[in-house]
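**Q** Protein chains in written order, with our numbering: chain E, 1 to 385; chain F, 1 to 385; chain Z, 1 to 385; chain Y, 1 to 385.
Derived by calculation from the structure, the hints in this document are not laboratory data.
Don't take each hint at face value.
In silico negatives: residues of chain E with every beta carbon more than 10 angstroms from chain Y [unchecked claim]:
no., residue
1, 6
2, 69
3, 150
4, 189
5, 195
6, 281
7, 326
So, partial list: chain Z residues that the calculated Cβ filter (under 8 angstroms) puts toward chain F [to be verified]:
no., residue
8, 6
9, 33
10, 59
11, 135
12, 136
13, 182
14, 185
15, 189
16, 266
17, 267
18, 303
19, 320
20, 321
21, 329
22, 330
Keep in mind that this is a model prediction, so the values were computed, not measured.
Cβ coordinates follow ideal geometry from the N, Cα and C atoms, glycine included.
There are 4 protein chains.
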Amino acid sequence: MSAPVSAPRRLRLGMVGGGQGAFIGAVHRIAARLDDDWQLVAGAFSSDAERARASGAELRLDPARCYGDWQAMARAEAARPDGIDAVAIVTPNHLHVPVATAFIEAGIAVICDKPLAVSLDEARGLQRLARARRVPFALTHNYSAYPVIRAARAMVAAGEIGTLRLVQVEYAQDWLAEPLEAGGHKQAAWRTDPAQAGPAGCLGDIGTHAAQLAEFVSGQTPAQISAELHRFVPGRRVDDHVQVQLRYAGGARGLLWASQVATGEANHLRLRLYGSRAALHWDQEAPEQLWLNRLGEGSLCLRRGGHGWPESAAGLAGVTRTPAGHPEGYLEAFAQLYRDFAADLRDPQPSPRVPGLADGVRSLAFVETVLASTARDGAWTTLPD
Amino acid sequence: MSAPVSAPRRLRLGMVGGGQGAFIGAVHRIAARLDDDWQLVAGAFSSDAERARASGAELRLDPARCYGDWQAMARAEAARPDGIDAVAIVTPNHLHVPVATAFIEAGIAVICDKPLAVSLDEARGLQRLARARRVPFALTHNYSAYPVIRAARAMVAAGEIGTLRLVQVEYAQDWLAEPLEAGGHKQAAWRTDPAQAGPAGCLGDIGTHAAQLAEFVSGQTPAQISAELHRFVPGRRVDDHVQVQLRYAGGARGLLWASQVATGEANHLRLRLYGSRAALHWDQEAPEQLWLNRLGEGSLCLRRGGHGWPESAAGLAGVTRTPAGHPEGYLEAFAQLYRDFAADLRDPQPSPRVPGLADGVRSLAFVETVLASTARDGAWTTLPD
Amino acid sequence: MSAPVSAPRRLRLGMVGGGQGAFIGAVHRIAARLDDDWQLVAGAFSSDAERARASGAELRLDPARCYGDWQAMARAEAARPDGIDAVAIVTPNHLHVPVATAFIEAGIAVICDKPLAVSLDEARGLQRLARARRVPFALTHNYSAYPVIRAARAMVAAGEIGTLRLVQVEYAQDWLAEPLEAGGHKQAAWRTDPAQAGPAGCLGDIGTHAAQLAEFVSGQTPAQISAELHRFVPGRRVDDHVQVQLRYAGGARGLLWASQVATGEANHLRLRLYGSRAALHWDQEAPEQLWLNRLGEGSLCLRRGGHGWPESAAGLAGVTRTPAGHPEGYLEAFAQLYRDFAADLRDPQPSPRVPGLADGVRSLAFVETVLASTARDGAWTTLPD
Amino acid sequence: MSAPVSAPRRLRLGMVGGGQGAFIGAVHRIAARLDDDWQLVAGAFSSDAERARASGAELRLDPARCYGDWQAMARAEAARPDGIDAVAIVTPNHLHVPVATAFIEAGIAVICDKPLAVSLDEARGLQRLARARRVPFALTHNYSAYPVIRAARAMVAAGEIGTLRLVQVEYAQDWLAEPLEAGGHKQAAWRTDPAQAGPAGCLGDIGTHAAQLAEFVSGQTPAQISAELHRFVPGRRVDDHVQVQLRYAGGARGLLWASQVATGEANHLRLRLYGSRAALHWDQEAPEQLWLNRLGEGSLCLRRGGHGWPESAAGLAGVTRTPAGHPEGYLEAFAQLYRDFAADLRDPQPSPRVPGLADGVRSLAFVETVLASTARDGAWTTLPD
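Kindly produce the complete structure, drawing on both the sequences and the hints.
**A** Here it is, written out as structure tokens:
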């Protein structure tokens with residue numbers, strides 16, 4: 001009789017950013033914990049040393065591993081025999097590349113919030129570095145981790161919708177409908193500050209999510225775009241609305257819009273792909289459903305974990321934690337990225353399971369092309385390779 | 001004791017087009033009949049004399065008033081003491097203006113299907129003529145006649161949504177997803193034939209509905225547009241997809257798209273207006289509901305005939321035939337135009353109750369500006385006054 | 001060359017009840033007019049002679065055919081060479097049988113609003129009379145005339161859902177949530193007056209609709225019921241809520257409830273049938289959609305006029321006035337009954353196209369069994385044959 | 001300067017049941033982990049010693065704390081200075097009371113899956129024991145932990161819907177629509193085996209959830225019920241469908257039904273409460289939304305984490321992990337129970353934060369009254385105190 005096989009050890013996670021009061025840091029921590037593949041053991045939660053220690057204490061971390069700056073953390077963790085396996089970077093955008101650079105140079109894998117960088121150049125530089133050092137890198141485009149979205153991608157790849165004709169993707173929020181940044185709202189303050197968020201506001205924050213989702217599911221990147229950025233709220237320093245026309249090399253057309261002043265919308269990311277044989281519709285606020293509308297048939301509503309999926313998607317639709325009708329959502333999708341990246345670290349693959357630097361670079365290319373087209377009054381502009 | 005007051009006599013209606021096998025002609029006839037304000041008494045249903053008579057017989061018309069050509073009909077009806085009060089024009093687009101001209105010159109009021117004309121010049125010429133002859137003219141932009149849409153317009157006008165920021169309007173169909181016109185489908189044949197439909201395909205047929213609806217409810221006409229027309233189906237002679245970016249003088253931005261190749265969509269016209277205080281959402285396929293999403297509140301679903309409407313819309317939401325929960329739809333909205341035009345004829349007003357020539361002219365201005373912008377590779381183009 | 005074939009003449013319709021201020025009379029008139037098979041030519045709209053004439057004048061009727069009492073109307077119309085082909089009875093319930101009796105005895109076909117009668121005995125008596133005189137009779141169970149409901153019935157009959165297991169039918173309104181009858185509300189007053197409405201309030205008014213719909217689609221009548229009537233509003237003289245458990249001979253179980261105090265509900269009639277192979281769901285407030293949920297598959301949404309219907313229903317789903325996406329509703333369904341009854345009169349069939357006396361008798365059997373079960377504190381009670 | 005305040009230590013959790021292949025055990029483990037209040041340290045995962053150790057190894061537990069029987073586990077853990085703070089019982093139903101008894105006698109707090117017991121007597125005995133020993137006890141009625149459900153309960157308690165009139169609660173699944181138990185399906189086998197599941201099948205499994213949810217939100221327990229159990233699948237040993245009429249002391253009426261043969265339904269738990277002033281609607285498969293339909297107003301859709309909640313619910317609607325539009329669901333609600341029970345253990349309250357033995361006893365009283373009413377052919381039967 002053989003001895004029971006133990007699970008692999010939990011991977012050790014560090015975090016930069018995400019101290020008291022932050023939003024996305026807490027999401028990363030829940031996501032890391034949910035499937036029990038990770039254990040948070042170190043952090044540089046704040047550039048203020050006292051706040052960094054206080055955050056660490058709330059998280060029950062060893063005070064010796066609560067760092068006041070991320071450079072020190074990278075060096076110290078790299079030197080420990082029980083050092084972190086990966087660092088989660090959940091700072092404002094402008095720090096993503098500097099922090100990631102420090103950890104990559106220390107040979108530590110990175111899980112980075114999006115957008116990857118504040119410029120395409122910066123993003124490409126990081127990509128070159130990580131390739132040179134062969135350090136694994138995950139970019140948390142969490143919407144691509146919904147099981148139903150992965151099934152949709154597989155279905156498109158298998159030809160289920162025929163030739164792609166139309167892409168309609170939108171991401172509508174209203175939390176910046178008023179000038180919150182003027183009133184000291186912390187999230188609003190850094191996200192509308194070009195020095196921290198980069199030159200793209202709504203475009204960089206959620207426009208990139210929309211672009212990535214459309215690309216992820218359709219398998220196609222636009223060839224050319226015609227864009228219009230706008231600032232609705234007086235005094236705001238970055239765009240709070242973006243709309244973009246899309247042309248694809250295969251002939252498809254599309255529209256993308258994202259707004260943070262869309263009154264009444266919470267976090268409304270929606271994707272519709274129309275092909276010559278069928279259409280797919282998905283709505284992030286009802287993330288367990290995928291509509292498959294085949295030409296000349298009724299509308300078929302497929303559910304995560306449920307029955308009736310086409311052969312091409314059948315496997316993916318089932319890879320979750322609970323059966324159909326037990327709603328899973330945002331945190332579970334985020335957790336999926338952590339689960340997948342743990343698998344990538346334990347079992348490296350040529351095509352990793354999670355989005356990474358190439359996705360980040362394409363996002364920045366999209367951002368800069370939108371900025372360029374806007375600067376040319378919406379002229380159609382070709383995306384860089 | 002006074003004698004009972006009789007209802008006013010039914011108005012006498014003639015029809016040009018709409019013979020056997022046509023779609024919209026039958027819709028007009030039901031609409032005219034529904035509220036009992038009109039009586040169909042004459043027609044030129046076909047240019048083939050025998051088919052014209054056969055159509056008339058099916059409709060129980062006096063054979064003497066079933067004409068083989070509309071010129072004769074205009075002359076004869078104008079000469080009769082019991083001649084028609086108005087003519088409904090339900091021919092292919094290229095005949096709208098010639099037929100309307102004949103009846104206007106005969107002094108007969110016109111109810112014309114949209115689009116008004118196949119060119120802006122033609123539309124303006126007709127407008128001048130009708131003004132000169134003081135002949136009433138109704139254009140059947142039927143979607144503007146849904147009670148809920150009229151309530152929405154009143155609400156916007158009363159400031160319910162604050163300053164308009166975003167317009168999202170779309171009209172998606174799939175009936176031309178395949179080359180039906182190559183197989184002898186009558187509707188598809190004329191609607192994709194530039195000689196009959198005009199130079200704009202999908203744009204003229206349903207793009208104009210979308211533009212008119214957005215304008216009707218928002219009370220604003222775009223100042224500039226950047227457009228992209230496309231033909232997805234090989235061999236098709238007109239566009240089957242249009243997408244347009246919109247800029248309004250008041251600072252609002254918007255997107256309009258219309259497609260006849262959007263797989264799985266039947267007749268999906270949707271409007272979303274986002275203002276600084278609230279948003280309004282409407283979907284033609286659930287036409288009895290209006291969503292009012294006020295900033296910082298929940299989503300309020302208001303129903304035709306039901307309770308809870310803001311003061312500004314309360315009256316309009318009630319002006320219908322049945323209480324809330326007794327679904328009314330497309331035919332009732334169409335009937336509303338006929339009811340309203342009957343009221344206009346009996347009680348002329350400076351601002352008539354139904355869309356008319358000015359709306360038709362603006363539609364053609366929109367069409368020609370989309371064509372112009374497309375010809376300039378989507379350059380932002382100012383709409384003519 | 002042959003002469004064109006004229007349409008058959010319009011049938012001549014009379015109406016009893018439905019004068020100024022009534023609801024259902026106006027619905028019948030629109031329904032009769034919509035498809036142009038009927039022409040209203042006579043009426044006894046009120047027992048008050050002056051109001052009867054005034055109503056007739058509003059409807060442009062010949063004053064000679066506006067009667068002050070229905071007995072006189074039955075005699076006079078039967079004697080005219082151009083007398084009415086059918087009478088629509090839209091009075092309060094207690095007059096249905098007396099009025100219908102007079103017209104049947106005069107040999108005139110009847111279109112009667114539901115419920116047929118105020119007692120089972122009365123209903124059976126009328127049934128015997130109509131059989132003896134061979135007079136056609138239509139009962140306006142309008143919900144059975146929705147195209148999608150007819151398709152559902154055909155699908156069930158063809159075995160699409162397998163063996164019926166569960167019936168869930170409900171009809172929720174809130175218009176009697178408060179004691180309107182105490183404030184002089186005309187509709188509320190007669191509908192809560194046992195002398196006019198009969199002993200069953202909500203049960204007779206809408207409970208019978210729910211029971212008829214479930215029976216119409218499932219093809220099965222309950223064998224036994226266990227019921228609970230309730231009056232929520234103090235001082236009300238009839239029930240305003242009914243709930244019933246159902247047992248069917250074939251083993252199915254079910255629940256029916258109807259309420260006129262269900263806050264926030266307008267006219268919410270919903271049917272769900274669960275079989276061993278599939279389920280069907282329908283909601284009167286979105287009447288163009290039918291959900292077909294097959295065991296082990298996704299949820300399929302089928303639309304009136306659209307594609308994807310099973311073979312068994314394909315024909316029925318298309319028999320309407322407009323294509324999919326052009327919402328039809330309550331008035332169109334009501335009109336269908338008039339269209340069908342016109343066809344029955346022109347082309348009598350052993351199995352007529354519309355519900356009739358047998359349906360009315362079964363409804364009254366249901367009502368009396370609910371009353372009997374309630375009187376026995378909900379004991380299971382067998383329905384009479 | 002003060003030292004940072006550490007978080008309280010994680011509570012130590014043991015588990016009985018939930019070995020390889022089980023469903024609900026894994027759910028409990030994720031729930032315990034999600035908010036980082038608990039740490040799984042011991043278990044008796046199987047009565048087969050080898051499988052127990054294998055399950056423990058997969059969960060990275062100390063082999064010394066992986067027990068082959070729960071009696072040994074209770075004794076050993078009670079004796080350890082670092083023994084478990086609570087045990088989660090996730091066995092088949094018939095073991096709930098025996099296992100709980102052992103741990104209560106050892107002074108260890110219990111988190112027990114529902115239903116509490118297989119008989120009312122057994123449940124009451126356990127309740128007496130736990131009271132005598134003053135051991136905290138949580139029953140995982142997870143649906144009561146949805147934030148929106150807690151807000152609904154607060155709203156009802158504050159009088160938001162007025163006097164309760166109607167309760168409509170249903171729980172529909174289809175996973176037992178076919179005789180899975182005959183084919184060796186593990187879940188189906190024990191859940192349809194009276195020796196393991198108890199005498200109530202569907203009734204005990206999900207009927208109790210429905211009853212508890214209705215009671216939790218309405219704040220009222222039925223006074224009398226009239227019930228009908230049924231077995232649709234031939235050869236099944238327990239009921240797979242239950243329907244119940246409800247009478248409340250305050251005059252309300254209601255219907256409850258639960259079915260495991262409702263074709264096409266995954267886990268469809270729905271609650272509708274109609275009061276004299278407003279109605280509340282909730283659907284577990286869209287758990288972030290609550291519909292508030294006030295009499296004479298529109299339908300208001302409120303969202304977890306969003307705006308527009310009445311004063312009475314405003315606090316509760318915000319107590320979650322992510323903002324509105326970031327879907328949370330089943331696992332988060334389950335985690336809430338663990339978070340709340342941790343708070344109860346750290347800060348005991350007279351009215352604990354989670355359902356407990358009193359809820360379990362009332363559930364068994366409901367179950368036995370349904371069985372009794374069914375045995376008397378549905379006679380109205382009073383629930384025991």
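**Q** State for each hint whether it applies.
**A** Status of each hint after checking the structure:
| no. | hint | in the structure |
| --- | --- | --- |
| 1 | 6 | violated, 5 angstroms |
| 2 | 69 | holds, 18 angstroms |
| 3 | 150 | holds, 16 angstroms |
| 4 | 189 | holds, 17 angstroms |
| 5 | 195 | holds, 25 angstroms |
| 6 | 281 | holds, 16 angstroms |
| 7 | 326 | violated, 4 angstroms |
| 8 | 6 | holds, 5 angstroms |
| 9 | 33 | holds, 5 angstroms |
| 10 | 59 | holds, 7 angstroms |
| 11 | 135 | violated, 27 angstroms |
| 12 | 136 | violated, 23 angstroms |
| 13 | 182 | violated, 20 angstroms |
| 14 | 185 | violated, 13 angstroms |
| 15 | 189 | violated, 17 angstroms |
| 16 | 266 | holds, 3 angstroms |
| 17 | 267 | holds, 3 angstroms |
| 18 | 303 | holds, 7 angstroms |
| 19 | 320 | violated, 10 angstroms |
| 20 | 321 | holds, 7 angstroms |
| 21 | 329 | holds, 3 angstroms |
| 22 | 330 | holds, 4 angstroms |
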